[in-house]
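Chemist: Go ahead and model the full structure; you've got the sequences and the hints to work with.
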Amino acid sequence: MQKVNISDLYQFVEKEVTIAGWLYNKRSSGKIKFLVVRDGTGYAQCVYFKGNVSDEVFDKADRIGQESSLVVKGIVKAQPKAPGGYELDARDLTIIHETHDYPITPKEHGIEFLLDNRHLWLRSKRQVAIMKIRHRVVKAIRDFFDGRGFTLLDTPILTPNAVEGTSTLFETTYFDLGSAYLTQSGQLYAEAGALALGKVYTFGPTFRAEKSKTRRHLTEFWMIEPEVAFADLNDDMDLAEEFLEYIVQTVLKEKEEELNILERDTTKLKNVKKPFPRVHYDEAIEILRKNGVDFQWGNDFGGGDETIISEQFDRPVMVHHYPAEVKAFYMKRDPENPKYALAVDVLAPEGYGEIIGGSQREDDLNLLLERIKEHNLPQSAFEWYLDLRRFGSVPHAGFGLGLERTVSWICGLEHLREAIPFPRMIYRNTP
RNA sequence: UCCGCGAUAGCUCAAUGGUGGAGCAUUCGGCUGUUAACCGAAGGGUUGCAGGUUCGAGUCCUGCUCGCGGAGCCA
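Numbering (this note's numbering), first residue to last: 842 to 1272.
No lab work stands behind these hints: they were computed from the structure.
Ideal Cβ positions, reconstructed from N, Cα and C, are used throughout, including at glycine.
Mixed in with the good hints, there may be bad ones.
Stated by the list, open to error - Okay, the calculated beta carbon distance ranges per label pair: (1) Asp1079 with His941: 56 to 62 Å; (2) Trp1138 with Leu999: 36 to 42 Å; (3) Thr1108 with Gln843: 42 to 48 Å; (4) Ile873 with Gly1143: 54 to 60 Å; (5) Asp1205 with Leu961: 53 to 59 Å; (6) Lys1094 with Pro1046: 27 to 33 Å; (7) Glu1012 with Glu1098: 24 to 30 Å; (8) Lys1094 with His950: 30 to 36 Å; (9) Asp957 with Asp1106: 17 to 23 Å; (10) Glu1012 with Leu1206: 29 to 35 Å.
Modeler: Here you go:
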């Protein structure tokens, strides 16, 4: 079957083509019927005039329900009245599978119903647009790193030790070795990779058994973690801003149609160009206090705090030098003032919050041993990680980007759950 | 885990403690340019589950289940 993608119809004006897809919507007016067909590349209005087709075909066009799969043969016409500017003057209709009572109609639905029907909801125009943008973000991420000498390093999903306490880890049995846990981050392994290959990045799913029930949390999400040898915190921030600029500007340039479908106001996205403002933790506290927040030094920022800070700027903001106590054991402390960690969070505008968390890593064996003791972590589990400081240790830094938070921000979504095909959340793991 | 809200037709919602309705969807009829088309008609209900109060409960009370919004949490 020779068929044409709907997105290519403009190349075939006044020519006869065949398209294959699903019935998205149907309207009729007596002796004329409009079938809107989707095929994953776009939407095409197919016009059936009584007289141009046999009565049998005309009746078929009347009978089929939404999401019936079908093949349409017709002549491409430039038609200003048609959505998209082109339509098919239909000459034939082949029904592949006739469907009735498709649950998701073109009218409004509640979120519970839509999530129960996520496998079908994905067919809707809005969800298709989001998935295409997600795909383009993924490709931009890979292009960015691949074009800058990074090597993709796949890190394990099953990990042996509950290094951060078991409360936020998904546990599974592992043969005679006891338990294994689904990874929360590939970072420690990425560090090993950076000392082997210089510049690496991971790209994979991560799992957090946090009992978080907010629009900014999933229990399973995708994370990208670059790690660079011979790099400090400033290098890390340089990389992060160049990275985000590349992703956002690429999507703006290449996914305009999808952003329009989502009715995304892109004026704020257009500002996402380096340099990003760099704000010291202490400056961030000043911003909060000026806005009436009673904030104690030493705490981490909550969701509302992040929004207030990011609202001061017209592009993502990088907050650095957090108190070491609230950050992870592997982050290097500032040699000039050890109460700070050489850490950075990148906060997205418009209330989307932290999309990147990163740091320079502790590269001194003895200091790292101290940190492990302070955090009451089992040293034996980290012997391999400590080896990275025993054999050719170098300053190195990296960060983690949450894919769904990034997609959610670029698409202007209300909730992370639409940014991934099949979201996993605390109270939902189906379909 | 805590706080708040909700569950009524396939979907989205209405119904003062007193005969359970509307729009969309579905089926049928009408219309030769519709844009979530429109017009007319029909079918469609164990009001989440269990108990209680009452002459009478979708509505009030108790418990449960499920979900939604938010908080905490988020190396």
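Chemist: State for each hint whether it applies.
Modeler: Now for the hints, and whether the structure bears them out:
1. Range check, Asp1079 to His941: Cβ separation about 57 Å, and the 56 to 62 Å hint holds.
2. Trp1138 and Leu999 have their C-beta atoms about 39 Å apart, which keeps the hinted 36 to 42 Å range intact.
3. Distance hint for Thr1108 and Gln843: a CB-CB separation of about 43 Å, consistent with the stated range 42 to 48 Å.
4. The hinted window of 54 to 60 Å between Ile873 and Gly1143 holds, with their beta carbons roughly 58 Å apart.
5. Against the hinted window of 53 to 59 Å, the Cβ-Cβ separation of Asp1205 and Leu961 comes to about 55 Å, which satisfies the hint.
6. Taking the beta carbon of each, Lys1094 and Pro1046 are about 28 Å apart, inside 27 to 33 Å as hinted.
7. Restraint check, Glu1012 to Glu1098: a C-beta distance of roughly 44 Å breaks the suggested window 24 to 30 Å.
8. A C-beta distance of roughly 33 Å is found between Lys1094 and His950, which places it inside the suggested range of 30 to 36 Å.
9. For the pair Asp957 and Asp1106, the supplied restraint of 17 to 23 Å is violated, since their beta-carbon distance comes to about 30 Å.
10. Distance hint for Glu1012 and Leu1206: a CB-CB separation of about 31 Å, consistent with the stated range 29 to 35 Å.
Hint compliance for this structure: hints 7 and 9 are broken, all remaining hints hold.
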